[in-house]
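Undergrad: Spelled out, the chains give:
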Amino acid sequence: MTRKEICIRCTAFFTGLLLCLLAVSYIVAPKGNGEHSGFIYRDAKGIIAEKKNTVDVVFLGDSEVYSSISPMQMWEEQGFTSYDCSTGGQLLFDTLELLNTALENQHPKLVVLEVNAAFRQFSLGEIAYNKAGEYLAVFRYHDRWKWMKLSELFGPRDFNWTSEMKGFRLNLDTNAASHKNHMKASDKFKDMPQKNAWYMEAIKKKCEENQIQFMLLSTPSRQNWNMKKHNTIAAMAEEWGVPYIDLNLKEKELDVDWQTDTKDKGDHLNYFGAQKVTSYLGGYLKETYDLPDHRGDAEYDSWDKCLRKYHEQIDVLTAKLK
Amino acid sequence: MTSYCSFPFLFLFLPAVIVVYQLMPEKKRPYVLLAASYLFFWLISGTLLVFLLFTTVSIYSIGKRLDREGEKRDALLKTAPRDEKKAIRQLCQKKQRRWLALGIFLQLGILLTIKYSGFFVENMNQLLKWQQIEPLIKVPQFVMPIGISFYTLQAFSYLTDVYRGVTKAEPKLSRLALYMSFFPGLMEGPICRYRDMAEQLSAGGKITYHQLTYGVQRILYGMIKKVVIADRLNPLVQELFDSGTAYDGGLMFVALFAFTCQEYMEFSGTMDVVIGTAQIFGIKMQENFERPFFSRTISEFWRRWHITLGTWFKDYIFYPVSMAGPMKKLTKNTRKSLGSYYSPLLAGTVALFCVWSLNGLWHGAGWNYIGFGMFHFMLIVLGNFVEPPVAWAAEKIGLNRDSVPWRIFQMLRTAFLVGMGEVIFRASSLHQGVQMLKTMLTSFTLGSVKNGTLFTLGIDRHDFLITGVALFLVLAVSILQERGIKIRDYIAGRKTPVRWMIYYSAVLFVVVFGAYGNGYLPIDPIYAGF
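Protein chains in written order, with the numbering used here: chain A, 1 to 322; chain B, 1 to 530.
Errors might be hidden in some of the hints.
Facing chain B, according to a computed beta carbon distance under 8 Å, are these residues of chain A, among others [as the list claims (entries may be wrong)]: (1) Gly16; (2) Leu17; (3) Ile40; (4) Phe122; (5) Leu124; (6) His142; (7) Gly283.
Stretch by stretch, here's where chain B covers chain A in the computed footprint (C-beta under 8 Å, at least three residues) [said to hold, decoys possible]: (8) 130-140; (9) 302-315.
Short, incomplete list of chain B residues facing chain A, as computed with Cβ under 7 Å [as the list claims (entries may be wrong)]: (10) Pro8; (11) Tyr209; (12) His210; (13) His462; (14) Phe464; (15) Tyr504; (16) Leu508; (17) Val511; (18) Val512.
Keep in mind the hints are simulated off the structure, nothing from the lab.
In this text the structure is predicted, and so the values were computed from the model without any measurement.
Heads up, the beta-carbon is just placed ideally off N, CA and C, and yes, glycines get one too.
Can you build the whole structure from these sequences, using the hints too?
TA: Here it is, written out as structure tokens:
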């Protein structure tokens, strides 16, 4: 077999394989983002079903975001709209993907990146696998064969579901943290892996390209945050000229009580901690970024409905506690 | 990069090495493989690469020294008078032995320190505790370089073969370095011999279409075993072994079956990927498995399972021990009283004891591994000792021991016994393993299967279904192979559309039914931990 023949054969073989993968991807990809759709990052990506250009602030980050920031409370107290595009154990390439998803249908005034994920390591393989999944859904959704129905293939597509809590996860559990001071003074820096720095830069650039204001944020976490990490992010923020607010240094202003405001020994805040953070952060954002107040606007009726449901859920869980 | 079946290895590392290798001139290609091997090692174990470099350089120098002593001896023997020849031989052998001892001491010293010192200190502290003495020594903890148990055995075999004159010492450091580090076999073997690999590794031949397609086919088959079966069974195995005897005997039997399947599919699947990868570069590595679950006895099982480890122990432990002076004497002295069957068996049993103690320990520093070794030792010894009376009884009752039903019975019995050993092997301690087997044998019930508990232990009905289908596929392939049918040649003989449909189906089977991605935790290869 000549070299030319080998090249032609290989090209034909891989083209055929790609077509097979595309066909299977079409079959297994979710045809909606409803409850039993198997849609990955369903809560975080629920932003795709929000009315076009109605979200003012997008919060990006890992579980610290959906544990600490309640968009419904911000709506109630400040009147601007926001959404938590956050997932547990988020890696920065996921963060960038979530930002891209959010920007498909929204043009927020501000993107806030919670930086706990900035130090979470990942490999080139994970990036490659994630990219493959972006283009060939079979790599992400291959397990859907377990519960797929034939009717799905021919039924309508329905991506109209959005999170009623706008990505926030309500949790009233309490598991007190130790009394250790996690923000002991230090002038040392925590190394940020190169890949992470590259993605941080890419997220910032994406905001710049879309003329969206960008800021960095650290929410209180005794287990995850420390002064070394703070120093690295503060230096990065200074170099970029973007605001950085570290709520771990504002515990007194926030009045966080690590005996009652955490659900898992200081790893994440619970609802009571989130209330304090949301209140403080909402006020800060409203004041600093001159965010609009949509309360009373008919266009935003759905937010009021969600707020009612939000309170109902809080009442149910509070009653259970008692 | 965590395993040979991982995304980065198969879709980034391997394609990159193939392209660079093919683009290089023939003479440079072995260097590409060497650089790729060191890069592979470094990506997994980082700076621990120095251990591999040290081992390589030390066996290179000692091997050359051994060769030089041999050459000196030959030169002296040429000119020496006949009555001095014996003394010259003895003197040279003494010197060679010293060098060999140094080499072995260095290799085993590193392995013992890194892998076993913690275990020994822990046990010593326990002994002191029993004597009510406060333990003084802190248990050392070392990070193991990847594949140390495998490449140390390769280093050992190289030195011993040079000493025995089976192979010449390698004059080029880079060739020996590639033998020691060749990336496909670095993590989990097979444990290769220098004489089988040296020429192939340095050939630097072009990758042909045949090599590429056959190699990729083998990789694909390995992926089905590893990603579809072994990885899918992992949550079930983990749950059952983590909970120990919290479940009933029926589920303990499931644990036995599931882990035995998982381990075989994981290890043999990885070997398919390893051998397929080497095949792409025109390198034929020794097979490590030959359908072991068709074995009729435990001895046969170990000739078909982890073959390269078995032959290593045979060549470097079993024969030297059983042929040693005291063993020969033992055979001679007992021949009259025990007869020609049992008398050599006695020396063989002593050698087997050494082999299985070391085999158990090689797998890991823990009493459960020693227990695993002793379990197989006892089964093999028992099999050897009862063979004559069983043969006699079978003849008396007219049992055809080659009949199909009897062979199937023997295979199932062997598989069950192997499975029992695997429970001890996988358990967190020897005690837990024994307890699990006890529960399985004394309180066997199908309750958990009937009431559906089985399907809530990490894998559901769908997972069981797909695992069953894949196992059936592997069984069918194994039966065909056992009958001498070469499936890959058969597929290669089909027309292109048929062939491609088979390949596409296999790829899609792995992609769709593989246990990877969201909802699955990455699984470290079992044997890479040894």
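Undergrad: Compare the structure with each hint and give your call.
TA: Hint check:
1. Gly16: Holds: closest Cβ of chain B sits about 6 Å from Gly16(A), inside 8 Å.
2. Leu17: With a closest approach of 6 Å, the Leu17(A) hint holds.
3. Ile40: Hint holds; Ile40(A) Cβ to chain B Cβ min 6 Å, cut 8 Å.
4. Phe122: violated, 11 Å
5. Leu124: holds, 6 Å
6. His142: Cβ of His142(A) sits 5 Å from chain B, so the hint holds.
7. Gly283: For Gly283(A), the interface hint is violated, since the closest Cβ of chain B sits about 37 Å away, which is over 8 Å.
8. 130-140: holds (count 5)
9. 302-315: Contact hint for the segment 302-315 of chain A vs chain B: violated, 0 residues under 8 Å.
10. Pro8: It holds, given that the least Cβ distance between Pro8(B) and chain A is near 3 Å, below 7 Å.
11. Tyr209: holds, 5 Å
12. His210: Status violated, d = 9 Å.
13. His462: holds, 4 Å
14. Phe464: For Phe464(B), the interface hint is violated, since the closest Cβ of chain A sits about 11 Å away, which is over 7 Å.
15. Tyr504: holds, 5 Å
16. Leu508: Since chain A brings a Cβ to about 6 Å from Leu508(B), closer than 7 Å, the hint holds.
17. Val511: With a closest approach of 6 Å, the Val511(B) hint holds.
18. Val512: This hint holds: Val512(B) lies near chain A, its Cβ roughly 5 Å from the closest one there, short of 7 Å.
Checked against the numbered hints above, the structure breaks hints 4, 7, 9, 12, 14 and satisfies the rest.
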